[in-house]
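**Q** All chains, please: the whole structure from these sequences, using the hints.
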Amino acid sequence: SVGKARVKIYAEKEVGVTFEDVAGIDEAKTELQEIVEFLKTPEKFQKLGGRIPKGVLLLGAPGTGKTLLARAVAGEAGVPFFSMSGSDFVEMFVGVGAARVRDLFGQAKEHAPCIIFIDELDALGKARGLNPVGGHDEREQTLNQLLVEMDGFEPNSGVIIMAATNR
Numbered sequence: 050s051v052g053k054a055r056v057k058i059y060a061e062k063e064v065g066v067t068f069e070d071v072a073g074i075d076e077a078k079t080e081l082q083e084i085v086e087f088l089k090t091p092e093k094f095q096k097l098g099g100r101i102p103k104g105v106l107l108l109g110a111p112g113t114g115k116t117l118l119a120r121a122v123a124g125e126a127g128v129p130f131f132s133m134s135g136s137d138f139v140e141m142f143v144g145v146g147a148a149r150v151r152d153l154f155g156q157a158k159e160h161a162p163c164i165i166f167i168d169e170l171d172a173l174g175k176a177r178g179l180n181p182v183g184g185h186d187e188r189e190q191t192l193n194q195l196l197v198e199m200d201g202f203e204p205n206s207g208v209i210i211m212a213a214t215n216r
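Quick note: the sequence shown, position 36, residue 85 per my numbering, numbers continuous.
Simulated from the structure, these hints should not be mistaken for lab results.
Remember, it's a predicted structure, so these values are computed and weren't measured experimentally.
Misleading hints may appear alongside valid ones.
Mimicking DSS-like on lysine-lysine, the simulated pairs with C-alpha atoms at most 27 angstroms apart in a straight line are [claimed, not checked]: (1) Lys78 to Lys96; (2) Lys78 to Lys103; (3) Lys89 to Lys103; (4) Lys158 to Lys96; (5) Lys93 to Lys78; (6) Lys93 to Lys158; (7) Lys103 to Lys93; (8) Lys103 to Lys158; (9) Lys78 to Lys89; (10) Lys78 to Lys158; (11) Lys158 to Lys89.
Each pair of labels, with its calculated beta carbon distance range [stated by the list, open to error]: (12) Leu196 to Asp75: 14 to 20 angstroms; (13) Ser136 to Gly104: 15 to 21 angstroms; (14) Glu76 to Asp186: 17 to 23 angstroms; (15) Gly127 to Gln156: 28 to 34 angstroms; (16) Thr90 to Asn193: 33 to 39 angstroms; (17) Glu92 to Lys158: 31 to 37 angstroms; (18) Glu86 to Glu203: 17 to 23 angstroms; (19) Glu69 to Asp200: 31 to 37 angstroms; (20) Gly201 to Glu80: 32 to 38 angstroms.
All C-beta atoms, glycine included, are put in the ideal place defined by N, C-alpha and C.
**A** Okay, structure coming up:
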């Protein structure tokens, strides 16, 4: 169907990447270890009243290992990894991108705990409300749907959103 997301799902055994496979960026790996622990034992955090962040934004030049690092978090935690590029959401048909966002988040909730990874997040973003025509273009509708999905997330749903940008 037109609106179905082209989501790549890597099952736990297929991710096969851990922090050992990621050279350097030790500070980032240390920061992300808390998310790994949450995904492995969410009840430990919930008992203490802790809340895990809804998301993580990885920023860096192309080729610096942002995607590999996100996959390593899933591999370390042993959880499914849903991966999609920001440009995959943007289509010429209005409404398709928003439907893909809903589909992606729906699949993730069914497979929680898991990670949603959106590469090239900047492909979705320009400042909202700057469309001179006055209507909502496909990119803006898609971005709005992404924000709605992220806002509606329960803090302890077990779904972690990771995104990467080089801007």
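**Q** Does each hint fit the structure? Answer for all of them.
**A** Hints, verified against the model:
| no. | hint | in the structure |
| --- | --- | --- |
| 1 | Lys78 to Lys96 | holds, 25 angstroms |
| 2 | Lys78 to Lys103 | holds, 17 angstroms |
| 3 | Lys89 to Lys103 | holds, 16 angstroms |
| 4 | Lys158 to Lys96 | holds, 21 angstroms |
| 5 | Lys93 to Lys78 | holds, 21 angstroms |
| 6 | Lys93 to Lys158 | holds, 20 angstroms |
| 7 | Lys103 to Lys93 | holds, 17 angstroms |
| 8 | Lys103 to Lys158 | holds, 13 angstroms |
| 9 | Lys78 to Lys89 | holds, 16 angstroms |
| 10 | Lys78 to Lys158 | holds, 25 angstroms |
| 11 | Lys158 to Lys89 | holds, 16 angstroms |
| 12 | Leu196 to Asp75: 14 to 20 angstroms | violated, 32 angstroms |
| 13 | Ser136 to Gly104: 15 to 21 angstroms | holds, 19 angstroms |
| 14 | Glu76 to Asp186: 17 to 23 angstroms | violated, 38 angstroms |
| 15 | Gly127 to Gln156: 28 to 34 angstroms | violated, 18 angstroms |
| 16 | Thr90 to Asn193: 33 to 39 angstroms | holds, 34 angstroms |
| 17 | Glu92 to Lys158: 31 to 37 angstroms | violated, 18 angstroms |
| 18 | Glu86 to Glu203: 17 to 23 angstroms | holds, 19 angstroms |
| 19 | Glu69 to Asp200: 31 to 37 angstroms | holds, 36 angstroms |
| 20 | Gly201 to Glu80: 32 to 38 angstroms | violated, 26 angstroms |
Hint compliance for this structure: hints 12, 14, 15, 17, 20 are broken, all remaining hints hold.
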